[in-house]
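Visitor: Got chain A; can you put chain B on it based on the hints?
Next come the chains, spelled out residue by residue.
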Amino acid sequence: MNARPARAETATVIAVASGDARHEVYAALETLIRTAGVRPAVLTLGTESEPQRTDRGGTTVIDGLVTRYLNNAVASLRLSSLPAVAWWREPSPEGLTELADLVDRLVLDVEDPTAVWGLVPDLAGRTAVSDLRWTRLTRWRDLFAQFFDLPEVRQASDAFTHLEVSGGDRHALRLLAGWITSRLPGGGRLDVSIEADRRAAPIRTVRLAHQASALALRLLPDDTCIETTVSLAGTPASSRVVSAGDQRLAALLGEELRVRSRDIAFEDAVAAAGRIG
Amino acid sequence: MEGNPFLDGLRIEPAPGAAALVIFGASGDLTRRKLLPAIYQLMTAHRLPPRLSIIGVAKTPMDDESFRRELADSLREFADVDSGDAVAQSLAGNLHYLQGDLEDGVLYERLAARLTEVAPGAGVLFYLAIPPSIGPAVIGRLGAAGLTTEADAAQWRRVIVEKPFGSDLASARHLNHVLHEHCSEPQIFRIDHYLGKETVQNLLVFRFGNGMFEPIWNRRYIDHVQITAAETVGVEQRAGYYDSAGALRDMVQNHLMQLLTLIAMEPPVAFTADSVRDRKMDALLSVQPVIDPASGSGLENVVRAQYAAGWVDGREVAGYRDEPGVQGTSTTETFVALRLALDSWRWAGVPFYLRTGKHLPKRVTEIAIQFKRPPLHIFKQVSATPVAPNLLIINVQPDEGISLRFEAKLPGTRMQIAPVMMNFRYGAAFGGEVPEAYETLLLDALIGDSTLFARHDFVETSWALISPIHDAWRREGADTIPAYEAGEWGPPEARALMARDGYRWRTL
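In order, the protein sequence lines correspond to chains A and B.
Count the first sequence with the working numbering and you get residues 1 to 277, in order.
Count the second sequence with the working numbering and you get residues 1001 to 1508, in order.
Just chain A, same shape as in the assembly (with noise of 0.2 Å):
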């Protein structure tokens, strides 16, 4: 008999998701256990005083957990020997703190967010804290940072007055734009605007301009590619169009279970996300 060689496991990830959407977890979570070697369990909340705890494909699954006994579920499900890493799907952000004490790293995935941004500087004070938004934005991120390897484009990063954002995710948007304000010097300024309607994809376009420059960043038609172009004045507008990376639920949270630190950026951002509203 051929025997597979054993697997060696890299991470507890603890799904926290009590919504509709929980196949989307399981798939997710199934991807992580063969491309990353992940030791899985989903958690949702409810009232039971004996909550189901069942074996769903290698997840070990608990149903129906009486919120205050959060912790000690997931303190069980942990290993020393692994990092543990918490992907919080629930509306309301009861019990948050407390788990933030038992895991190494903290994913946010919440449709609105407001609540558990709320919380985000407590969070960070007890373990690295992250949200799924925030690693879709990476691609995003990288791109608009390139332009300012551009020793003109840094020369002129005081001039500009105007950030346009768009696309169908307004708490996307709203952090894209924290990003932006927070590290921009002087990015307090800016004039932003934030477009969002539900049917595109989260993040359309970007635009940082004064007058005739731009910088921009916008999602082709395919949803597969992005196109970048600075347009500085006085010099003809330079384009490129770039790989909008793999956006599917478990390639970003591969993504996520590769980093182990604290992220600064990502605190600041919710925080300016915050003062734009």
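Worth flagging that the hints you see were computed from the coordinates, not collected in a lab.
All residues carry an ideal CB built from backbone N, CA and C; glycine is no exception.
Mixed in with the good hints, there may be bad ones.
Claimed, not checked - To be clear about the criterion: a stretch of chain B counts as covered by chain A if any three or more of its residues have a C-beta under 8 Å from a C-beta of chain A, and this derived list gives those stretches: (1) 1015 to 1021; (2) 1044 to 1058.
As the list claims (entries may be wrong) - Non-contacting residues of chain B with respect to chain A, defined by C-beta distances greater than 12 Å in every case (computed): (3) GLY1003; (4) GLY1143; (5) GLU1150; (6) LYS1163; (7) ASP1168; (8) PHE1371; (9) LEU1410; (10) TRP1489.
Guide: Just chain B now, with coordinates in the frame of chain A:
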């Protein structure tokens, strides 16, 4: 604004912009086995420019359609991908083929026209997957056709050159001269696929990203270093090239010297291409000539041998001189072992032993760093023999990872000591597939990062160490060469080389 504030905390995955890849030797083995599968994997991982046009160039009569069928065959055989795969189909759509004589200038005019048609305004990476004998002619033709001229930053032009980078110091200088006639050094990417391996890259992280190893990475704590690159295969289809090259040229001048410098280099001031390569050059310059330039002595530090018939991997194999394409009187070495000394504050007195060969018992490349024993053997009562020295093993292939050997007490009421291994394996520790070296290197070349490519001065300095050994062998004029039975770890002389210093090769 001084630096770029947007880079803080950004997990940068550089993305190449619009580009075309031109593969010379598109109908060859390297393209089928390595390049096309690597391009597919990069495309699957969304790491390639969205509209990367690939133009295959070769003498073999083919058209776009038959080249696309080659792609499908290659992916089926070497990447386990079926023809219905969406990424494979998308890749096929970007594939073009240009048939012609690589030494005919007209071909390059057609290539220029094709590039204008399929990748206007894009950067172009020329991959020379061709025999070294025609490399200079192709570079010359590319230059003469203006194809290596960069109109602006977006329309960059880069050339990947496969080894061998010359066959001795003079020919390496000539090749570099030809390359520099048509390209600046930053446009030239001399590929050494060993440098694309995850463990090799990890050497830099292991050494300079951890506080605990660097303080002991020197002559005070390290006893000696062994670098082994063993192959189970013989010369296979490469007899024509190999018989004129031998193990010293084929493996030591490039791969093993690269590994040696990564072990021996001082910390670079930054993780940039030039900074890393400058420190590697310093390490290479500290390697003392094996052959004394004044007296011509020093051959006692080199062992060469040739495989005779034997058993490898459970099958009987012919001796080297009986291989098709090899002369019956050939004295080409298929095994070589060397003892090198580095003249630096860090390494003075620490010997580096290198060995490589074909038809050895096992396919393995590793670096073993043996530490000095504890100064006092306090366990004399329980173990008459001194404790085994600590050993750090860096596995380059096939099972990429790092192991540390240390002594531990055996469980039980008696005090007994035994060596144990602490193992880190890439595949197991991080999950997912470790990228193939060619994926890493192709992407780096598209991005323009030359950190993992050989620089001209490294190539020439390495040849300056190796060529005198060939000269000394020639002077020796021997028409015989020691033999080792295929399937053994080289000749007895290789064991004697280490035994002279009181060491032995690791049993792998």
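Visitor: Determine for every hint whether it applies to the structure shown.
Guide: Consistency of the hints with the structure:
Residues of the segment 1015 to 1021 of chain B lying with their CB closer than 8 Å to a CB of chain A number 4, which satisfies the three-residue condition for coverage. Counting residues of the segment 1044 to 1058 of chain B whose CB falls under 8 Å from any CB of chain A gives 7; the rule of at least 3 is met. The claim that B/GLY1003 lies off the interface is violated: its Cβ sits roughly 8 Å from the closest Cβ of chain A, which falls inside the 12 Å cut-off. The beta carbon of B/GLY1143 is kept farther than 12 Å from every beta carbon of chain A, the shortest such distance being approximately 26 Å.
At the 12 Å boundary, the C-beta of B/GLU1150 stays outside the reach of chain A, the nearest C-beta of that chain being 15 Å off. The claim that B/LYS1163 lies off the interface holds: its Cβ sits roughly 31 Å from the closest Cβ of chain A, which is beyond the 12 Å cut-off. With a closest Cβ-Cβ approach of about 42 Å to chain A, B/ASP1168 is found to remain outside the 12 Å limit, as its non-interface label requires. Under the 12 Å C-beta cut-off, the non-interface status given to B/PHE1371 relative to chain A holds; the minimum distance is some 26 Å.
Distance check on B/LEU1410: its Cβ is at least 23 Å (rounded) from any Cβ of chain A, clearing the 12 Å threshold; non-interface status holds. In this structure B/TRP1489 is separated from chain A by more than 12 Å, as the shortest Cβ-Cβ distance comes to about 26 Å.
Checked against the numbered hints given earlier, this structure breaks only hint 3.
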